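Peer 1: Starting from the given sequences, assemble the full structure and let the hints guide the process.
Here are the chains, one letter per residue:
2 protein chains.
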Amino acid sequence: MKKYIALLSVSLIAIVALGFLATDINAKEEERKQINAGRPIAIEKPTFTSQWQRYFPRQFDGWKNTKKSADIVDMIDKYPALAIVWAGYPFSKDYNAPRGHYYSVQDNVNTLRVGAPSDKVDSPLPTACWTCKSPDVVRLMETKGDMEFYTGKWDKWGSEIVNPIGCYDCHYKGELKVKRSFLDKGLQEAKLPTFADSTHQTKRDLVCAQCHSEYYFRPIQNGETTAMVVTLPWKNGLGVEEQMSYYNDGKNFPNGKPFFDFENKISKAKIVKAQHPDYELHLTGIHGKNGVSCADCHMPYKQEGAIKYSDHRVQSPFETMDTSCMVCHRESENKLKAILKEKYDRKELLFGVTVNNLASAHLEAKQAWDSGASDAEMANALNLIREGQWRWDYAVASHGGFFHAPDETLFILAKANDYAQQARVALKEILGKHGAANYVVPDFSSKEKAQALAGWDMKKLVAEKQTFKDTLEQTWIKAAKENGVLDEALRDYKDDRASWFGSK
Amino acid sequence: MKKYIALLSVSLIAIVALGFLATDINAKEEERKQINAGRPIAIEKPTFTSQWQRYFPRQFDGWKNTKKSADIVDMIDKYPALAIVWAGYPFSKDYNAPRGHYYSVQDNVNTLRVGAPSDKVDSPLPTACWTCKSPDVVRLMETKGDMEFYTGKWDKWGSEIVNPIGCYDCHYKGELKVKRSFLDKGLQEAKLPTFADSTHQTKRDLVCAQCHSEYYFRPIQNGETTAMVVTLPWKNGLGVEEQMSYYNDGKNFPNGKPFFDFENKISKAKIVKAQHPDYELHLTGIHGKNGVSCADCHMPYKQEGAIKYSDHRVQSPFETMDTSCMVCHRESENKLKAILKEKYDRKELLFGVTVNNLASAHLEAKQAWDSGASDAEMANALNLIREGQWRWDYAVASHGGFFHAPDETLFILAKANDYAQQARVALKEILGKHGAANYVVPDFSSKEKAQALAGWDMKKLVAEKQTFKDTLEQTWIKAAKENGVLDEALRDYKDDRASWFGSK
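Protein chains in written order, with the numbering used here: chain G, 1 to 504; chain L, 1 to 504.
Hints were generated in silico from the structure; no laboratory data involved.
There's no promise every hint is true.
Put simply, identical chains are the same to the list, so a pair is met inside one copy or across any two.
[What the hints assert, rightly or not] As a list, the in silico DSSO-like pairs of lysine-lysine whose alpha-carbon atoms are at most 30 Å apart: (1) Lys469 with Lys153; (2) Lys335 with Lys235; (3) Lys265 with Lys459; (4) Lys494 with Lys270; (5) Lys337 with Lys235; (6) Lys289 with Lys341; (7) Lys459 with Lys64; (8) Lys337 with Lys191; (9) Lys203 with Lys179; (10) Lys341 with Lys191; (11) Lys335 with Lys289; (12) Lys343 with Lys289; (13) Lys191 with Lys335; (14) Lys235 with Lys341; (15) Lys179 with Lys341; (16) Lys337 with Lys45; (17) Lys268 with Lys433; (18) Lys153 with Lys67; (19) Lys191 with Lys343.
Model, not experiment: these values are computed from the prediction.
Peer 2: The structure is reproduced here in structure tokens:
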């Protein structure tokens, strides 16, 4: 009986304590509502991220921190074979690992890929190369219309697209919103709900998916010229095989032929360049299958007093494991990191093996042509290279794939390498038949050697780029200021061309 | 105030109810203790699983249900390439997917691999091929000693090893126990705790690991003859690369040369046959890393009244998802099954691609020899086949690898296929140099065609086996009965030779 009386007393104390706690929670909730109700949002220039700061000061601070993701990692220096497999395509000139959103415009202007336009020379690339780089793109699409935006060369919008990825890319006032129309078109082709029809949790994926997906530039006639329109190849489904089946089916394209982004200059293989199918790969992984959104890990919730908000420093969850991972996983960070290190290492090894086999195949194909092989003899080998390179690129262009979908990524890489090796087996046979069984692939073990094989005069490209930066780029910045489209409060980054062009 | 009084009343009722519940739980616990204390265990013949029944009736029922895992799946029929890659090795004669423990002796006696011994002809295989098939092995090791057990040909123990895998393989009285000494030797080589020094949870792995691991037969001099001793290749570690580094290092072997199980009859490549590294692969997967034991999923706990016991029908957890998976995972079975189906399909695809490339490489090597290639020219290609085949076999001989360690399994298969393809590239070059660039690999798309290429006269092998079953096997059974080593209570399986030899 004594035991029951003691239990009863403890229960009574607990009940009273709970009462106080409830009062406290109710007070905090009231405070939260007041704060969140806020002032009505009235932003004069939504492309100016600095103007969103007073309404969303914590989100702005997070966004500004994307500036800290500043390291420049030269991928061609790390994997010289990239210059071979992309020969004839701008990515073989330079390709750095992506940096924080803060650098999106700067990096797009600085890359050798867009060339060195001047008063007399256009960029080799279309306007579409701006599409995911800036909220100014949303403004141009709204004011000029999609077709006008997508028509012409990249330098057409140099003085208009000047602010890095910011609030207006994903938000209208306080809400999630995607204004780039190709996302909804892609979703409709895939028979998926549009952005507006999606759940809030899915929208937390889709604002990212608008840019972190595979896409291609679809040529669409616009009067006398051709617009290059960003298009998601999702008609047959979002998987790597479904997307390739779409590209391989000539019925999907105006010219009735299978699609290719470029013809490799060395091998003449017609290549589809996979971009960054982060979203599609994510969906095949265990986090995606369990409804974890991009934002859950890359923009984890933080708590400050009564305010809960998502961290807008979009970054690797390795940097925020306490708020990104530990919300669900009850394990030590070190244990999780060790597991992820293994996953990363597996991917890296297959990445290297595959890209080296692809590069070798391109070079062996060139030798086969030089030895007198015919179109008919080469068709199968070139197609094997195309199939292999697509899968390899798909698996690795999505930098987080090793984490988002570890087995799918390895599976795709395994298939990619099998295609690459099939191509090499076929090419060895052709070389044998044409008396070139002894052919040895030339050394492409450094960036310099590989880019020389790709046929680039890198010194010339860099010199032209320096001129562009001293002349036309300055004109663009000046014009943007005068026209009131440059968010000067944020244009505080230094001219870091040295780290782009000076080092490697 | 009214709210508080209501809460108080509910609390009081709950407290009283909890009191009753606690009394009930205490009573059940008392009952459980009484039952588990049981009678002292006294088993006259521990190799007779039927004698354990009265002490462990539920575990016995589970064990007996292993009989239900009875399907015979002919793997060479499913993958004819197996006959090529194992040419010259008994597995190319026949290889069925493993069945329930109940069939371990029967299947070992029936397989063509052990040959058709008679009074005049020995089995081609050593006694070691019995090692994991029966508790009689434990008895023989205890009574005759390891060296005597491991010396001689397989048929030496035909009348002694007659009872299928049972209680005495893993238990001494009621406790977990491993009496096969090679497990502790392997653990010590790997600098891991011995069985006795391991935690209970690890022992729940290790009783399985004694047999579900990679092993090889180490030749050890025993007087004037050579014993073939089951040995775990764990000195450099338990991973696929560490085990191969062990086999590749001649210093580890009496003859000072890299180890091989057989020379492929077609290509002359020296092959290490991976057996079934289930345990090693399991350790690399997420379940293994989180301390989930084999028994947790394959022998899940069941509750009957006050008794909690583990289900000794060792089987695929797909059949027991409610007790195997749902203890930890809060998801629908169908959702988990769909995810696992994807993992299985990925493995199956890479399995097929890789084994076909390996088979092609063996055949291309034969053609290279026939075309006049020298030992020096062939060395690299044959070694590439060896490295590839080891990894392929390692990844797939462990049938559950696609689940136990999905990414490690795909990673190993990707590397295996890369080696196989490297071999093919090298062989194409050799063929080209010797005027055989046009060589086309012969058709091995059916079991018949592949086994003919492997050089087997299957009709003869089956006829000899039938004779063995009608003569020597009958003698063995008779002798075992007379000597009192056959657990006749369990010897109720019908002679199912038809399903072994009659169909394919």
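Peer 1: For every hint, state whether the structure bears it out.
Peer 2: Do the hints match the structure? See the list:
1. Lys469 with Lys153: Within one copy only: 18 Å inside a chain, 82 Å across chains, cut-off 30 Å.
2. Lys335 with Lys235: Cα proximity of Lys335 and Lys235: across copies only (25 Å, versus 40 Å in one copy).
3. Lys265 with Lys459: The answer is within: 20 Å in one copy meets 30 Å, while 57 Å across copies does not.
4. Lys494 with Lys270: neither (40 Å within a copy, 62 Å between copies)
5. Lys337 with Lys235: Classified as between; 27 Å across copies, 37 Å inside a copy.
6. Lys289 with Lys341: This pair counts as both: shortest intra-copy Cα distance 22 Å, inter-copy 14 Å.
7. Lys459 with Lys64: Neither, since 34 Å and 77 Å both go past 30 Å.
8. Lys337 with Lys191: Result: close only across copies, 25 Å inter versus 37 Å intra.
9. Lys203 with Lys179: Result: close within a single copy only, 13 Å intra versus 59 Å inter.
10. Lys341 with Lys191: So Lys341 and Lys191 pass the 30 Å test across copies only (24 Å; inside, 37 Å).
11. Lys335 with Lys289: Both, since 23 Å and 9 Å are each at most 30 Å.
12. Lys343 with Lys289: both (19 Å within a copy, 14 Å between copies)
13. Lys191 with Lys335: between (40 Å within a copy, 22 Å between copies)
14. Lys235 with Lys341: Between copies, since 24 Å is at most 30 Å while 35 Å is not.
15. Lys179 with Lys341: neither (37 Å within a copy, 38 Å between copies)
16. Lys337 with Lys45: neither (42 Å within a copy, 51 Å between copies)
17. Lys268 with Lys433: both (20 Å within a copy, 26 Å between copies)
18. Lys153 with Lys67: within (28 Å within a copy, 72 Å between copies)
19. Lys191 with Lys343: between (33 Å within a copy, 26 Å between copies)
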